[in-house]
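The whole structure should be built from the sequences, with the hints applied where relevant.
Quick note, the sequences are listed as chains A and B, same order.
Per our numbering: the first sequence = residues 1 to 287.
Per our numbering: the second sequence = residues 1 to 496.
There may be inaccurate statements among the hints.
Stated by the list, open to error - Under the rule of at most 27 Å between Cα atoms (straight-line distance), these lysine-lysine pairs were calculated in the BS3-like manner:
| # | chain 1 | residue 1 | chain 2 | residue 2 |
| --- | --- | --- | --- | --- |
| 1 | A | Lys250 | B | Lys120 |
| 2 | B | Lys190 | A | Lys248 |
| 3 | A | Lys230 | B | Lys190 |
| 4 | A | Lys248 | B | Lys328 |
Claimed, not checked - Now the in silico label distances, taken between C-beta atoms and shown as ranges:
| # | chain 1 | residue 1 | chain 2 | residue 2 | range |
| --- | --- | --- | --- | --- | --- |
| 5 | B | Val313 | A | Ser235 | 32 to 42 Å |
| 6 | B | Lys407 | A | Asp200 | 55 to 65 Å |
| 7 | A | Val15 | B | Leu145 | 15 to 25 Å |
| 8 | B | Gln329 | A | Thr176 | 48 to 58 Å |
| 9 | A | Glu267 | B | Ala24 | 33 to 43 Å |
| 10 | B | Ala131 | A | Arg252 | 34 to 44 Å |
| 11 | B | Ser212 | A | Glu267 | 26 to 36 Å |
| 12 | A | Val124 | B | Gly375 | 42 to 52 Å |
| 13 | A | Val124 | B | Val395 | 51 to 61 Å |
To be verified - Here chain A is said to cover these stretches of chain B; the calculated rule only asks that three of the stretch's residues, wherever they fall, bring their Cβ under 8 Å from a Cβ of chain A:
| # | segment |
| --- | --- |
| 14 | 46-53 |
| 15 | 339-352 |
| 16 | 412-424 |
If you're looking for bench data, these hints aren't it; they were derived computationally from the structure.
Positions of the beta carbon are idealized from the N, C-alpha and C atoms, including for glycine.
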Amino acid sequence: MKRFWCAFFMFWPIVAVILCWIAPGQNWWFPRGPSGTGAAMSPLGERIDDLFYMILMITSVTFVGTQVALGYVLFTGARRSDTSHDAEGAEKTWFTHGSHNLEVMWSIVPAAVLLFIALYQMEVWAEYRVKDKFPEEVRKGPQAEVTARQFEWRIRYPGLDENGNPLELMPDPQPTDLYTVNDLHLTSGEPVMIWLRSEDVQHSFFLPELRVKQDAVPGLVIPVWFEATKSTEYSLLCAELCGWGHYKMKARLVAEREEDRLVWLQELQAAQNDDGVPDAGDASDDE
Amino acid sequence: MRVETIIIGLALLISLAGCGAQQAEFVNRDEIDELIPEAQTHVRKVLDGAGIEGETGHFGKPTNMVLWERLPVHYHGAYGAFAETQIDEGADEVSTLNVSLLEQNLPVEPGQTLAWISGKYAGQASTAVAALNEAGNQIEIDPGLSVPPDAGDRFAIAPGAVISHGRKLYAEHCQHCHGVTGDGNGPTAKYLNPRPRDYRLGKFKFTSTGSSVKVTRNDLSQIVENGIPGTYMPSFKLLTEEENHAIVEYVRWLSMRGEIEFKLIQALRNDYSKEAVDSAVASARESDSKLSSSEARQNIVAEMDEYLTGDWVDEFNDDTKFLADQWKQAEDPSALVIPKVARVADTPESRARGRALYLSAKAKCATCHGDAGLGDGSQTLAVQKNPTTNTDYDVPGLFDDWGNPLKPRNLATGIYRGGRRPLDLYRRVHAGISGTPMPAFGTVLKDEEIWDIVNYVMHIPFESRDQRPGDGAGESVPASTEVATVAPDESTDIAN
Ligand SMILES: [Cu+2]
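Structure (structure tokens):
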């Protein structure tokens, strides 16, 4: 029975390692998304992935190491107790408890590793979160305001001026503003910023393919920036259990070239100013 | 042994996971309980055959739908009638048939089934469709038929494909709020204000049609796509067009089912409610003291059976046709509310005119929406009359036709449930909001006047608080003195 338990406790780590190993090939890893491989679709996202893989390497090595050590201890323990301890030639148990050297070692080594990770990721973190480090392009202002609400994403865009150029997004709603729900259109290929708010409870703005996740907190307006490398559709999800309809908070991010986005905004503006009279300048009737 | 315990625990968990699954069932309106059991049976028989052996009624169960051809619902992948087909001499089988498609909702693909709805093959096992020609007027069927169907025989391709897809999606996305029956009574409904719509009155609030006209498919599909801002009705933007269409058809079907049920109960409620029958029995025994009460009751039930096999059949057919026509009429382009005049330029002058109208006795917006548009007009404090029963409500304030208390919109929030286009607001004012006390002004106000009001209303959210009359530091003067005009007067258009 002792051997059984040894095997039992070695079996699960081996299963875990094998499962992790085959996961990417089985599409149990990152969502494949538009890249088809599960790779991040934004430059910052790639760096976040690099950090992730680095941490994964460290934890994997630690995991395998500790499991091997555990197995060794279990098996030698089992072997020793095969013979009664006062019998001839019985192996002695090796006491480690209270070993000062060991204690120091396994305090300092993990601390050093953690410190290394903390310092190493600082740069990426700062770029993502600290306003002064935001890329130049996004400092001119947000492209949209995203308001989370149980259970949808309401989006406000600044309107267009007479020449068809976007106005500046104001903190308060303006008569010229344009609105959509669950449909976020932003420029691809350059860093863009949104303002994130919540109308009711806490939500989380999650673009899995771009590796963006930011809580939306009632009462705060949080700037979030990111860059979608490819012009395509991405999913926008809520990543904070916000009520029974949390699973419904699915929307799309359409990243498109600036020209296309402007055309889309113009169409939105025409639709939103529709007065239903076909000859009044715009032909977009709702039928 | 611990391993055994784990295994037994797992087995238990797996077997428990199967519990709690329940069959979706339609429920009847509460009013059905007022009827005598025989009348209840009739209603069930016509509607869904619930509890009656061998009966499916005109609607069946959610999991076993009956597709009643007389309702204008897109049930099938395609639906049409056979046309005259020339048959080659000597051919022992026809496999190419001329058809006229009346409806095509899904692409016709090889392998779909074709079911005959009328004619000599009606009710027989169906055949597979091989192809539809490009012009859409000829189908190949496989296997062919030895005797061709008659011209005018109706058929469905992919029978029920749209509506059953709609049901699945409805169960997944809508049912927990709107309920299996569409009665707005799903398990989450009680936590919501406003309550989810009860489709069974056949009334919808945010339509593009005139005040007593039904909702269009397009309106419903917009609602599903964009949700209703300011309420818990979510947006389902990510559904495909086909899914959206399927859900909308299912909602329309539920709505028609509810209306038919209401009509059925209504037809029997006067004479064959438990109460009416009891008093009829009493009065019959008064005039004939030898009559036992069970005999008297039998006579009344016999009378009812006579009615149900006689006059009622025609009444029911007429009602159904009337209902089907109403829903068809909504799809007619002439049913849409389209302004005759383009939007009046949104100038301060226009807004000022709009404001004056807003406060005027002609439009009386302020009596409900308040001087400052905050939704606190005098009518919210008055006791109103229930338009269906013509009795006063127990508490002051407005109610909708479903009996839920209702506040006039706070226009300062800038949230418009029926859409924020000028056209949407024009329609709200022109046709009112059906099912609510918000009246239609299309006949009272000229187009230009409605546009002035729209311009003003759209500007209310942008007035700063101290500019806002009746809401700043300044004194507020009630604009209207008609505090206690209880009943909506003749210009109000509450569709019944
Ligand atoms: Cu959420």
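| request: Could you tell me which of the hints above the structure violates, numbers in ascending order? | output: 1, 3, 4, 5, 6, 7, 8 and 14
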